[in-house]
Amino acid sequence: MNCFVGIDLGSTTTKAVVLDERGETLGRGITNSRSNYDLAAELARTEAFVSARFALLEREVAQAAGPAVLARLLKAFRLEQTLAQLARLRARIEEEGARAVPQDRRAPLSRTLASVFEKMLSEEEERFDDPAPCERSDFFRDAAGSAFARIARDLADPRGISFELLAGLYDKCIVKVENEPLELGFREHIGRALERVGDRSLEVAVDRAVEAPLEVAASVGTGYGRARLPFPKEQIRSEILCHGLGAHALFPGTRTVLDIGGQDTKAIQVDPQGIVTSFQMNDRCAAGCGRYLGYIADEMNMGLHELAPLALSSRRPVRITSTCTVFAGAELRERLSLGEKREDILAGLHRAVILRALSLLARSGGIEDEFTFTGGVARNAAAVSALRALVAENYGQRRLNISPDSIYTGALGAALFARRAAA
Amino acid sequence: MTLTAGIDVGTASVKVVVMRVAGQEETVLSRASGRIRRRSVSSVVDETFESAVSAAGLPAIDYVATTGEGEDTPIATGHFYGMTTHARGALHFEPRARAVLDVGALHARAVAMDGRGRVTGYKMTSQCASGSGQFLENIARYLGVSQEEIGSLSLSSTSPEPVSSICAVLAETDVINMVSRGIATPDILRGIHESMAGRFARLLQSIGAEGVVFVSGGLAADDGLFRALSEALEHGRPDRRNLAAGTSGPVKSPALELARHPLSAYAGAIGAALWGAFRHARLGMGGAAWTATLKTKDQKSAGHNRVPRSP
Numbered sequence: 001m002n003c004f005v006g007i008d009l010g011s012t013t014t015k016a017v018v019l020d021e022r023g024e025t026l027g028r029g030i031t032n033s034r035s036n037y038d039l040a041a042e043l044a045r046t047e048a049f050v051s052a053r054f055a056l057l058e059r060e061v062a063q064a065a066g067p068a069v070l071a072r073l074l075k076a077f078r079l080e081q082t083l084a085q086l087a088r089l090r091a092r093i094e095e096e097g098a099r100a101v102p103q104d105r106r107a108p109l110s111r112t113l114a115s116v117f118e119k120m121l122s123e124e125e126e127r128f129d130d131p132a133p134c135e136r137s138d139f140f141r142d143a144a145g146s147a148f149a150r151i152a153r154d155l156a157d158p159r160g161i162s163f164e165l166l167a168g169l170y171d172k173c174i175v176k177v178e179n180e181p182l183e184l185g186f187r188e189h190i191g192r193a194l195e196r197v198g199d200r201s202l203e204v205a206v207d208r209a210v211e212a213p214l215e216v217a218a219s220v221g222t223g224y225g226r227a228r229l230p231f232p233k234e235q236i237r238s239e240i241l242c243h244g245l246g247a248h249a250l251f252p253g254t255r256t257v258l259d260i261g262g263q264d265t266k267a268i269q270v271d272p273q274g275i276v277t278s279f280q281m282n283d284r285c286a287a288g289c290g291r292y293l294g295y296i297a298d299e300m301n302m303g304l305h306e307l308a309p310l311a312l313s314s315r316r317p318v319r320i321t322s323t324c325t326v327f328a329g330a331e332l333r334e335r336l337s338l339g340e341k342r343e344d345i346l347a348g349l350h351r352a353v354i355l356r357a358l359s360l361l362a363r364s365g366g367i368e369d370e371f372t373f374t375g376g377v378a379r380n381a382a383a384v385s386a387l388r389a390l391v392a393e394n395y396g397q398r399r400l401n402i403s404p405d406s407i408y409t410g411a412l413g414a415a416l417f418a419r420r421a422a423a
Numbered sequence: 001m002t003l004t005a006g007i008d009v010g011t012a013s014v015k016v017v018v019m020r021v022a023g024q025e026e027t028v029l030s031r032a033s034g035r036i037r038r039r040s041v042s043s044v045v046d047e048t049f050e051s052a053v054s055a056a057g058l059p060a061i062d063y064v065a066t067t068g069e070g071e072d073t074p075i076a077t078g079h080f081y082g083m084t085t086h087a088r089g090a091l092h093f094e095p096r097a098r099a100v101l102d103v104g105a106l107h108a109r110a111v112a113m114d115g116r117g118r119v120t121g122y123k124m125t126s127q128c129a130s131g132s133g134q135f136l137e138n139i140a141r142y143l144g145v146s147q148e149e150i151g152s153l154s155l156s157s158t159s160p161e162p163v164s165s166i167c168a169v170l171a172e173t174d175v176i177n178m179v180s181r182g183i184a185t186p187d188i189l190r191g192i193h194e195s196m197a198g199r200f201a202r203l204l205q206s207i208g209a210e211g212v213v214f215v216s217g218g219l220a221a222d223d224g225l226f227r228a229l230s231e232a233l234e235h236g237r238p239d240r241r242n243l244a245a246g247t248s249g250p251v252k253s254p255a256l257e258l259a260r261h262p263l264s265a266y267a268g269a270i271g272a273a274l275w276g277a278f279r280h281a282r283l284g285m286g287g288a289a290w291t292a293t294l295k296t297k298d299q300k301s302a303g304h305n306r307v308p309r310s311p
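Protein sequence lines correspond, in order, to chains Y and X.
In this text, residue positions in the first sequence follow our numbering: the first is 1, and each later residue adds one.
In this text, residue positions in the second sequence follow our numbering: the first is 1, and each later residue adds one.
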C-alpha cells in the first residue's frame, strides 16, 4: 500500500502522521525533539509506522480478538521498547561511571547501579500488570528520569555513592542515549510482546501486519526545524500552511485557527478549502506560548500536566501584570510570598497566555466561525477554559473545535501536502 | 562627619554599604551583599545589613538609606529612588560621569545627570527580560559555563555569531541550535554580548547621553559585555539634531566613553548612603538611626525599629 508521511519538527516535540491512499490517517507518532533533528524525525516516523501497523492489525482482528487483547499487546509492545531503552541507558551509565570514579569506588558504584536498574525494571513489569497505572510522560527521557531520580535518592549514600554522582551520570548519559539510533520499530519488538501476551491466535495476523508493504510514496516536512530536515526543498512547507490545511482536514468548517505550540503562537485565517488567507505570529517571545507554561511549571516545581487541574480549582484568578515570561516568574514568586493561592496565580497565568493569543487573533482578522484550537496547549484544560470565556466575552458565540489529536495538526497538514504532490 | 548606611534591594540580591562622609571626603567603610534566591527579602536585608555594620565596627549610624525595592525596610530612616542613587553613586566613582547604565538582574536602565547628580533623563527596558542579568545567567546555564567565566570566554571569541535580540526563555533552543551547528561557546557568548550592547547603546542614545557613561549594577563586572559595549559606543552614533538641521553626509556625534569600578554593583547602595548623609546634614538631624547596643531583632520588636532621636 502506498502511504504519505508528514513530519512536524517542533521545538519541543516532533510529530509524524502516516496517511493511507485515501487520505485517512493510518498512524501517528510523537517524540521529544533533541539536538539531533534527523534522529528526532526518524523516531517520530518509526512511531507513526508502529501505530500504522497496529491499525492494520486492528482492522484485521478487532472483531475476532477484541479490543482488550489488542490493548494489552500494545502495552506489551511499549514495555519491550522501554526495556530496550533501559538496557541501553544502563550500559552507557556503567561505562561512564567506570570513567568518572576512582578504581576503589567502581565496585560500590556498580552495585548501586545494579540495584537502581533492577528496581526500575521491576517497576516497569508491575506497570504492565497494573490495569490502571498512574499517568506519566510519554517520553522515555522524562519517564525514566523521574523514576531514576526517585530510586537513586532512596538508594544513594551520602558518604559513599552520592545522589549527586548518580544524577550527574544520568544527565550525561541520557543525552547520549537519546542521540544514538536504537531500533524501536514494530518488527523488532512485536515478537516478544506477543510472547508476553501469550495469545497464539494472533500470530498469523501479526505476521501479516509485520510484512504489510507500506511504501512511502511522498513525504513533506514542516515546523520550526523544517529547514534542517533531510528533505529536498520542494518537500518542505511552512508551518502556517500545514496548520491551516491540517485544521481544515480535522474540522472542515474551520475559518480561524489558533495554534499554541512550544515556542510560537499562530493565528491563522483560512478559506473554505483550507488555504491560508492571513496570519499573525508572535515574534521570538515566549510570552503567550507553551514554553511560558513550561517555565512556570519549573518555577513551581510541578510537572507541566499538573498545572491545568490546579488552575481549574481556582475561585478568584489574579490578574497577572507582567508580559515577559521571566517577569511573570518573578511576579509568581512575589505573589506566593504575599500569601496568594497557587491555584489563583496559575489561573491568572493561563489567562495571560490566552490574552496574548487573542491579541494575535485580533491582528490576523478576528475569530470567525468555526474556530479551531490546535497545538500542545490545546491539551491544557485550563487554557481551553480561559479561551472559551474570553472568546465569548469578545466575539460572542463561536463554535470551538478541539481535537484530542490536535498536537498532530501540523504533521497532518504536511502529510496532506505530500499526498497532493504525489497525485 | 556623618556615618551612613545604604541598602540597595534589587530583584536578585541585596547590597549594603556603610560610609563615612566628611565634607568632600566619602569613604566606604564596609560592604556586604546577599543573593535573595528564594528566601524572604526582609531576612536577606537584615542579614546583609548586620554583616555590613558589624564589619564596619561602628557604635552607631546616623542615617540608614534604602533604594531599589527596599522602600518598606523597617530599619530605614529614608528611601531614595533608584535613578537618583545610581546617578549619585556613579559620581562617587567617576566625577566626570554624566550618564549611568545600570544593568541589573531583570532590567537595564539609562540615567542622564548633571555634575551634581541631578537626574535629567531616564529610560528603562520594560516588558521584556532580554538582555538582563537573568537572561545572561540562563544562557550560561544552557551552555554549561559558570557566570564568572562568561566575560573571559567572550573576550576570546574570534568570529562572533550574530544574534538578533532573543527572548530570555526561548534562548535555550536558540543556543542549542547554535551549539548543534558547531559554533564555539566564546563566539555564541560574544554574539549575545554584542546584541545586548546594541540594545544598551540605543537606550543611552534615547536619553541623549553625552561624555562619560558609568556602568553600574552586577553586569558591570562582565568583561565581555563591557568590551562589546565600549566598541558599540566608540563607533559613535548618528546625531538626530544634525540630521534634522540638514547637514549632509553621515554626521556622528562624539563617541561616548565608558567607565566602571570593581564596586560598580554597589553604586546604588553608595548613592543611597551619600544622599542619606546629604539629607542628614541638610536637615540638621541629631541622634542615631541605628546603634550597636540594640540588635536589629530587638529594634523590630520594639515597634518602629528606630531609636528615638532628639528634636
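Mixed in with the good hints, there may be bad ones.
Cβ pair distances, simulated, as ranges [to be verified]: (1) S146(Y) with P162(X): 28 to 34 Å; (2) N394(Y) with P162(X): 52 to 58 Å; (3) R316(Y) with A12(X): 43 to 49 Å; (4) R284(Y) with L155(X): 26 to 32 Å; (5) L155(X) with G339(Y): 42 to 48 Å.
Hints listed in this document are in silico derivations from the structure and should not be mistaken for laboratory results.
Glycine included, each C-beta is placed from N, C-alpha and C at the ideal position.
Quiz item: Which numbered conditions among the earlier hints are violated in the structure presented, ordered from lowest to highest?
Solution: Of the numbered hints, 1, 2, 3 do not hold.
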